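Engineer: This is what each chain is made of:
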Amino acid sequence: MAKLGSTLHRFDSLTSTNDFARELAARGTEEGTIVIARRQTAGRGRQGRRWSSPEGSGLYLSVILRPALSPARSSIIALAAGVAVAETLALDYGLTPDIKWPNDVLSGGRKISGILVESAIEKDLLQYAILGIGVNLMQEEFPEEIRDSATSILIESGRRVAPEDFLKPLLERLERWYRACMSRPEEVRARWEELSSYGRGRRVRIMSGDERVEATTRGLHESGALIIELESGEVREIVSGEITLRPL
Amino acid sequence: MDLTELKELIELIAEKGFAEFELEREGLRLRISRFKEPPVPLVQPAKETAATSDNQGPSPAAVSQSAASAESPDTSAPETSLHTITSPIVGTFYRAPSPESAPCVKTGDRVEPDTVVCIIEAMKLMNEIQAEVTGEVAKIYVENGQPVEYGQPLFGIKV
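These protein sequence lines are chains A and B, in that order.
Residue 42 is where the first sequence starts when you use our numbering, and the numbers rise one by one after that.
Residue 185 is where the second sequence starts when you use our numbering, and the numbers rise one by one after that.
Just so you know, the hints here were simulated from the structure itself, not pulled from any lab data.
Don't take each hint at face value.
[Said to hold, decoys possible] Over 10 Å on every C-beta distance to chain A, these chain B residues come out as not near it, computed from the model:
(1) L190
(2) A198
(3) T268
(4) S285
(5) T291
(6) Q314
(7) Y325
[Stated by the list, open to error] Pairs of lysine-lysine, BS3-like flavour, derived with a Cα cap of 25 Å:
(8) B/K191 to A/K164
(9) B/K323 to A/K164
(10) B/K290 to A/K164
Note that this is a predicted model, so its numbers are computed, not measured.
The C-beta atom is built at its ideal place from N, Cα and C for all residues, glycine as well.
Extracted from the complex, chain A is given alone in its bound form (with noise of 0.2 Å):
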């Protein structure tokens, strides 16, 4: 495997990195290859969710990855890549993240950074993976609908980090997490299990598809879905769906 950003490719102005690190991707570009951009003009999350992506203000990085693992295994990356962002997070800039499940890094309670894996399955197998990943570092206000729920590093310590600062370690970490989704994925659930309260013990209330429940969380599967324990005493793994806290 090639080191990741080994080749990367620097926009001032991008519609969204993951598209076109998808169009790289489906060129056939090797994995590694990443693309950052000082702005993104339609940067998205989940469901086509907007990512505000104000010019210098964050990190918005893709990566193109080609994992050895199937598509049923592959999750984990998901995982991974916000340990590696929380790691980041705290060890080089002394903050107290959190992972809210599977993968929102929380300061404060409002969300630092956002992640977006997508990736395409042909025949059973996954032809690549688009990891992306934005990180608030020196915004100093955000957008109105978003005010309460955001944070940036600039906000949580005073720093201000520029986005190509912050690429360096997350690269080391996310290397060094990536790699593990393949041979100890058992080492990524437990690391994210040390850096989030979500992991044991935490009540949460889970919205999937139309159902609503609450449930205690026991840990993660081996695919990295979250368990859960209702108050029937059933459990269950989420895999998906959108989990939120329950008021106490």
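Using the hints, position chain B against chain A.
Structural biologist: Relative to chain A, chain B alone:
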């Protein structure tokens, strides 16, 4: 990187609305800078054109409603004469990349092996599922936003 690769890259980025682009890799650094001009209107990809003409509703909200609920899923047992596309993973089934966009495919649409028919989400990993066969979408077995199991039938394709 040889000249052919470089030419392909430049063709690929030519239509992106950037003013500065840099490529860095071992032994190579390429910088392209150009005047900021309004982006040249692009020919719409066929899929998007279809989506626009389909959705001439009065407001985006109305459009997303119709995209999600225009067709109700067929809950009858998969027909054996059809090629069945099954889910390769456990996750949540989405017919479109976002609630505002048109479904990837509708009943009656022609598909090629590389046509993306839906997205299955697991742990915020959005997996695009390809048709793998050439044919016509005859059945859609699952409703948008519902959880699916490994091996669960998603589409029936008349090949």
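Engineer: Run every hint past the structure and note whether it holds.
Structural biologist: Checked hints:
{"no.": "1", "hint": "L190", "result": "13 Å, holds"}
{"no.": "2", "hint": "A198", "result": "12 Å, holds"}
{"no.": "3", "hint": "T268", "result": "14 Å, holds"}
{"no.": "4", "hint": "S285", "result": "7 Å, violated"}
{"no.": "5", "hint": "T291", "result": "22 Å, holds"}
{"no.": "6", "hint": "Q314", "result": "5 Å, violated"}
{"no.": "7", "hint": "Y325", "result": "15 Å, holds"}
{"no.": "8", "hint": "B/K191 to A/K164", "result": "31 Å, violated"}
{"no.": "9", "hint": "B/K323 to A/K164", "result": "20 Å, holds"}
{"no.": "10", "hint": "B/K290 to A/K164", "result": "21 Å, holds"}
Consistency note: the structure conflicts with the earlier hints numbered 4, 6 and 8.
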